[in-house]
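Enquirer: Sequence:
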Amino acid sequence: MNEQASAPDKAARARLLFRYVGGEEWRDYRAILGIFADTFFAEFSPDDVVARLRADGVDIDPDVVPDRLESLRTWGNLAASTTVGNPASLDDYYRRRHRYLITRAGQEVHAVVEGVLGRVDEIGDVQAGRLRDVLRALQRLFDLVEQGLERVAVNDLIDAVRGVFDPHASFSDELTQFFASINQWQSRYDLDPEEIAFFAEVLVGYVSEQLIEIERMTRPIARALRALEPHVEAIGARVRVGLAARVEAQGMAGTVKVRAIAGTDSADWWHLQRWFEAEHDAPSRLEALTRQAMAAVRTLTGNLTRLSRAGSGSASRRIDFVRLAGWLDQADDADSAHALLNAAFGLHGARHLGLPSRDAEDPVASTTSWATAPRAAVPVTLRERGERRQRGSASPVRDRAMEREVLRREREAMRLADAKVAEELLAAAEADGRLIDVQLSTEALRRIRMLLSASGARRVPNDPIRRAEDRDLACEVTRRTDASVRLECPEGVLTLLDAELRLHAI
Numbered sequence: 000m001n002e003q004a005s006a007p008d009k010a011a012r013a014r015l016l017f018r019y020v021g022g023e024e025w026r027d028y029r030a031i032l033g034i035f036a037d038t039f040f041a042e043f044s045p046d047d048v049v050a051r052l053r054a055d056g057v058d059i060d061p062d063v064v065p066d067r068l069e070s071l072r073t074w075g076n077l078a079a080s081t082t083v084g085n086p087a088s089l090d091d092y093y094r095r096r097h098r099y100l101i102t103r104a105g106q107e108v109h110a111v112v113e114g115v116l117g118r119v120d121e122i123g124d125v126q127a128g129r130l131r132d133v134l135r136a137l138q139r140l141f142d143l144v145e146q147g148l149e150r151v152a153v154n155d156l157i158d159a160v161r162g163v164f165d166p167h168a169s170f171s172d173e174l175t176q177f178f179a180s181i182n183q184w185q186s187r188y189d190l191d192p193e194e195i196a197f198f199a200e201v202l203v204g205y206v207s208e209q210l211i212e213i214e215r216m217t218r219p220i221a222r223a224l225r226a227l228e229p230h231v232e233a234i235g236a237r238v239r240v241g242l243a244a245r246v247e248a249q250g251m252a253g254t255v256k257v258r259a260i261a262g263t264d265s266a267d268w269w270h271l272q273r274w275f276e277a278e279h280d281a282p283s284r285l286e287a288l289t290r291q292a293m294a295a296v297r298t299l300t301g302n303l304t305r306l307s308r309a310g311s312g313s314a315s316r317r318i319d320f321v322r323l324a325g326w327l328d329q330a331d332d333a334d335s336a337h338a339l340l341n342a343a344f345g346l347h348g349a350r351h352l353g354l355p356s357r358d359a360e361d362p363v364a365s366t367t368s369w370a371t372a373p374r375a376a377v378p379v380t381l382r383e384r385g386e387r388r389q390r391g392s393a394s395p396v397r398d399r400a401m402e403r404e405v406l407r408r409e410r411e412a413m414r415l416a417d418a419k420v421a422e423e424l425l426a427a428a429e430a431d432g433r434l435i436d437v438q439l440s441t442e443a444l445r446r447i448r449m450l451l452s453a454s455g456a457r458r459v460p461n462d463p464i465r466r467a468e469d470r471d472l473a474c475e476v477t478r479r480t481d482a483s484v485r486l487e488c489p490e491g492v493l494t495l496l497d498a499e500l501r502l503h504a505i
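Residues in the sequence shown are numbered from 0 upward in steps of one, following numbering that gives the first Met the number 0.
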């Protein structure tokens with residue numbers, strides 16, 4: 000009950016760690032934390048911080064540094080030092096008391112903030128090869144399990160488990176961040192020619208290659224995880240030897256929170272398996288991400304078609320308008336500007352007889368200045384959100400799973416029927432494969448006729464033997480004057496004179 004009541008308080012205290020990037024003085028706080036983040040154990044007074052900032056070329060008012068340090072201490076990013084050393088006087092004692100060092104949470108928050116600010120505009124590359132590392136680590140772990148977990152060194156087993164989870168953690172972070180970027184790009188409509196070329200010529204092909212590699216590695220990893228599933232409990236119990244295990248053994252798990260290595264809990268393995276294998280009616284995590292990525296790429300491709308000059312005719316005219324604006328800015332006089340506008344838009348004088356003009360219902364004449372004219376009616380979407388496109392998502396791709404299942408069943412039925420016909424023909428042949436005088440079904444005779452036709456099409460001049468193959472059957476027709484073949488079925492009789500017919504299984 001106490002833990003549930005304290006959970007919101009913990010979240011509120013953790014939120015304070017990020018307050019230094021939310022105000023106008025965030026640059027000062029960021030520079031100060033950068034001084035402390037270089038080491039865990041160094042202690043700095045306000046004067047030390049000012050001196051180091053100035054050495055780094057940061058100009059800051061020395062009078063505000065104590066307040067900044069105290070605010071960071073209040074938020075939890077810094078902590079006041081408890082060491083006083085050997086002060087020579089009372090003033091020296093108080094100066095030593097006002098020294099600060101960075102906390103663990105402050106160090107982690109600083110690393111996260113700097114990482115986000117440093118990579119906010121970067122596109123992360125997806126290393127699909129990490130999945131091969133995961134598969135190799137799973138195979139190595141399975142080999143250790145077959146040797147016997149009790150005979151395997153604990154460090155070797157921990158290295159094998161870490162070799163499974165560490166590459167997967169890096170891959171999952173890269174993949175989710177990259178797909179989040181794709182999701183953001185799909186709604187862009189203000190692309191310049193360089194960005195259009197990047198998306199059309201680079202990104203679409205890259206995404207296709209990555210998805211092919213991911214799909215190729217997903218099934219082997221899923222099979223390896225299924226093979227390891229009965230041994231997950233034993234593996235977790237064997238590698239649970241770190242600090243978290245010692246804290247738990249002392250009964251201090253409720254007071255001291257220690258993050259155990261991945262793979263010590265069965266939930267870690269279940270989470271890993273959900274990435275690569277579907278469960279019941281829910282797709283795997285990779286399948287869901289792949290579908291979302293394909294939908295985003297289709298939307299992005301549709302946007303590129305509308306924006307690109309090589310599109311369907313609704314091309315972006317941004318470059319033309321920018322070039323025209325430049326010509327108007329360089330025009331010598333108003334007449335030249337009017338001539339440019341007439342040539343660009345066809346704004347010549349015209350008279351419309353018998354029809355009202357499009358601005359006939361305007362409250363003021365067209366010669367009224369915009370400064371004194373009443374406000375124009377602007378749609379809500381354009382006025383509040385700046386959107387000019389038609390709202391709504393793209394039409395979903397039709398699910399052809401039912402049609403594919405029908406085709407699969409039909410092909411499976413055809414395959415079974417062909418196999419049954421092949422068994423009938425081989426059973427009707429002699430021990431050496433010859434067909435002499437046999438009774439066949441209509442389907443079997445039709446198969447024989449197809450083989451005979453194929454052998455005739457592939458005959459070699461001056462060769463008395465003609466050969467043909469059809470899936471699981473091989474046929475040989477030999478010209479012999481002392482032989483004949485009679486094949487009878489319910490629809491009629493096929494007789495081959497001066498020929499010998501042999502069938503063999505492939």
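None of these hints come from the bench; they were simulated from the model.
Ideal Cβ positions, reconstructed from N, Cα and C, are used throughout, including at glycine.
Take these hints with a grain of salt, some might be off.
FRET-style restraints, in silico, Cβ to Cβ [as the list claims (entries may be wrong)]:
#: 1; residue 1: Asp264; residue 2: Ala152; range: 17 to 23 Å
#: 2; residue 1: Ala277; residue 2: Asn154; range: 44 to 50 Å
#: 3; residue 1: Val321; residue 2: Arg225; range: 39 to 45 Å
#: 4; residue 1: Val321; residue 2: Gly204; range: 25 to 31 Å
#: 5; residue 1: Pro61; residue 2: Gly204; range: 28 to 34 Å
Enquirer: Going through the earlier hints one by one, which of them does the structure break, listed in rising order?
Expert: As far as the earlier hints go, 2, 3, 5 are violated by this structure, in ascending order.
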